[in-house]
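Asker: Please take these sequences and the hints and turn them into a complete structure.
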Amino acid sequence: MKVIATYNIKGGVGKTATAVNLAWLAAREGAPTLIWDLDPQGAASYYFRIRPTIKGGGKRLVQGKRDLDDFIRGTDYELLDLLPADFSYRKMDLYLERSKNPISQLRKLLKPFRNEYYYVFLDCPPSISLVSENIFEATDAVLVPTIPTTLSLRTYKQIRGFFRKHGLDEDKIHPFFSMVDRRKTMHRSIVDTPPEYMKNLLQTGIPYDSKVEQMGIERTPLAEFAPNSRTANCYEALWNDIKKRIPNMR
Amino acid sequence: MRIEFIFPDNLRPEDLQSTLQDDKRIIAEPPRTIHRTYFDSFDWRLYLDGSLLEDSRDGNSHTLVWRFLQGEDRNPGLKLDTPPRFARDLPQGPLREQLEPLLEMRELVPIFRIRSRVTGLRILNRDEKTVAWLKIEENTLPRQRGIRSGKLDNRAVIIPVRGFTKPGKALAKRLQQQGLTPAEDDLMLSVLAMLGEKPGNYSSKLGLKLDPAMRTDQAGKVILQRLLDIMLQNEAGTRRATDTEFLHDFRVAIRRTRSALSQIKDVFPKRITDRYKSEFAWLGQMTSPSRDLDVYLLTFDDYRDSLPLPVQPDIEPLRSFLIKHQKSENKALIKVLDSARYKRLKKNWQTFLEQPVNERSTLKNAGRPVSEVASKRIWRMFRRAIQEGDAITADSPADDLHELRKTCKKLRYLMEFFVSLYPSGNIKELIRALKTLQDNLGDFQDYEVQVLTLKTFSHQMVAEGNVPPDTLLAMGMLIDGLERRQHKAREEFAGRYAGFSQQKNQQRFRKLFAPNH
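As given, the protein sequences belong to chains A and B, one line each in that order. For the working numbering, add 216 to where a residue sits in the first sequence, where the first one is 1. For the working numbering, add 14 to where a residue sits in the second sequence, where the first one is 1.
No wet-lab data here; the hints were simulated from the structure. Predicted, not measured: the structure shown is a model, and the values here were computed from it. A virtual CB, placed ideally from N, CA and C, is assigned to each residue, including glycine. Be aware that a few hints might be false.
Unchecked claim - Lysine-lysine pairs mimicking DSSO-like chemistry, simulated, CA-CA at most 30 Å apart:
{"no.": "1", "chain 1": "A", "residue 1": "427", "chain 2": "B", "residue 2": "38"}
{"no.": "2", "chain 1": "B", "residue 1": "143", "chain 2": "A", "residue 2": "327"}
{"no.": "3", "chain 1": "B", "residue 1": "143", "chain 2": "A", "residue 2": "427"}
{"no.": "4", "chain 1": "A", "residue 1": "460", "chain 2": "B", "residue 2": "93"}
{"no.": "5", "chain 1": "A", "residue 1": "388", "chain 2": "B", "residue 2": "93"}
{"no.": "6", "chain 1": "A", "residue 1": "459", "chain 2": "B", "residue 2": "93"}
{"no.": "7", "chain 1": "B", "residue 1": "93", "chain 2": "A", "residue 2": "427"}
{"no.": "8", "chain 1": "B", "residue 1": "223", "chain 2": "B", "residue 2": "279"}
Said to hold, decoys possible - Distance windows between CB atoms, simulated:
{"no.": "9", "chain 1": "B", "residue 1": "105", "chain 2": "A", "residue 2": "409", "range": "34 to 42 Å"}
{"no.": "10", "chain 1": "A", "residue 1": "343", "chain 2": "B", "residue 2": "44", "range": "40 to 48 Å"}
{"no.": "11", "chain 1": "A", "residue 1": "430", "chain 2": "B", "residue 2": "160", "range": "54 to 62 Å"}
What the hints assert, rightly or not - Listed next, the stretches of chain A that the computed footprint assigns to chain B, with coverage defined by at least 3 CB atoms under 8 Å from CB atoms of chain B:
{"no.": "12", "segment": "246–252"}
{"no.": "13", "segment": "255–266"}
{"no.": "14", "segment": "325–333"}
Answerer: Structure representation (structure tokens):
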């Protein structure tokens, strides 16, 4: 099982779109895949027409009182399942803090699924918190969609700083450019000469595209309703980059 | 869990579809023709594990589904370009990780194929989310293996979507209202039964039930016939040489045949036993080179991994050498299997086994009840093993261990031939105890043989030219490692032997096999 998180402290950078489209691609290739919607806003669940249903909420989940299995829902696509969001995830931090070994809780929760799924995508809430630390601990790779602007680069540096400060493996961080608008000078200049501290930068960037926004209307992954669009192709290229980058992650 | 339903005779699939589609929340997909193949290993490892493997081909794409015999999917379906020949051909992932230890080196064999015209219906909820699938299947059996083509049951299969149980249940109710009945078996299993395939019908185990009062010559023929059957069942696979287990089972049957001929003494005329002992020895010898190479190739990765990382690539030329020779050895083996000598052996041996026993035989053991002869032979062989084993000290030469290994093997075969004559728990426990010792003796011997063979290979490789010196050095390191392992096995021997020969086991052997006990 390979666990991949899409994460950024900033919201609205294409995090959920990335998780949804990559998970769909992974499943289409024949790998049983789970997408875990950890973001209380529940965008990934919404895209798959799945309502948040975790009654009793994150509290019971994390304390291991409920079997995660009961909450998993099949999407409309073969091999692709989803663990829906729940609004009470907002309070997950508090619950994690109270548990005995807060940092490895998420990893423990995922353990029973290692024979079932080949990939698990974690669509993470924006913010840096105990939840994030759990996520970083449990994942093989953290994909960081980054808009090519000065402010976004600053955020990216903050994420690296957080990793360093908490003794987490910085090599897990794999940034890529997201919502790239080549009409903008700043975007062009950053994408063409990315700063050196963007180590592990993935080659493929995702362009700014109103079709990605349409995903919210169509409520399906991009490649389902616009299979030949440029952005759908970019997601495919990005996915290929990721697989090459992390071939043996387990 | 998927549920299969069978159509009644008076309901056509298209009628069911149009009835269901009155509901606007049920959407049909265009029908597709799917070619489905049932796979298992020759020795039915998946079936015996309680599962089946189905490959569905739709155009050029394959989907592999592994499911429990009761219908629940164990993997949700893996998309592939071609079905795998071996578990190791599967892409890395959960399916491979679970199938590999089950199937090991065994090839996946297509058992039969069926053709299905499948119409998928999606059942949607108010969010237009798919909450269940219904697959309407019109199934036919194409002509294959001498069986004429024919129609199979039309079926409707409910495949629930995870986390949505109610819609599937409601649908099941509707189907029953339309006159469909839940199928007792998965379609694949009912076709299996229809074709007369008995899963589990191959096993390399003898699985005989002998009557203790049976004449020993008669029992001997039953055992030998079963061994011949195992040989013949493995002959085609041995020729194909894709799955090394065929040759292995073929050879074990030969070895057991030879052992039965010499160990079940004084039941058949001497000229018969002499003749067939020598013929089967010849056959065994002819198959050895192929098996040796198989063993090397099967354990090659372990060998390579035992070397330090920087040296590992150096050993690869040995793999190429082994593969090249394996091919030529297999050709030679096929020649043997095509030879007049082998054909004659099979035919004459079968004729001999079919002949009724000579009721007036004057041979000492021929007419005695098999249970008597079996106990006597096993008891004698056990005592020999103890005698030889007790004499082995830390300084004893390797030959003494080899002798004991041979004695133990004879003892093991005898116990397996006659296992059905004794209370099952008791004899199996003793076989297990014996096996623990045999494993140690076997390792000790194998490492020695492997060292010698590696040396022979290195000379051969030099003679054939083009062997990089680094490869020879790496082989030298392998030899070192094997010698160390052999040394370790030798050190472990005393402990293993003490375990086997402990008083408790000796008493158990005595109780089961010693005369007048």
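Asker: With reference to the structure, classify each hint as holding or not holding.
Answerer: Outcome of the hint check:
1. A:427 <-> B:38: Within the cut-off at roughly 29 Å; holds.
2. B:143 <-> A:327: 29 Å, holds
3. B:143 <-> A:427: 21 Å, holds
4. A:460 <-> B:93: 20 Å, holds
5. A:388 <-> B:93: 29 Å, holds
6. A:459 <-> B:93: The hint holds at about 17 Å.
7. B:93 <-> A:427: 28 Å, holds
8. B:223 <-> B:279: 21 Å, holds
9. B:105 <-> A:409: 34 to 42 Å: 38 Å, holds
10. A:343 <-> B:44: 40 to 48 Å: At 46 Å between Cβs, range holds.
11. A:430 <-> B:160: 54 to 62 Å: Because 57 Å falls inside the window, the suggested range holds.
12. 246–252: Result for this restraint: holds, n = 3.
13. 255–266: Per the Cβ count (3), the hint holds.
14. 325–333: holds (count 4)
Checked against the numbered hints above, the structure violates none of them.
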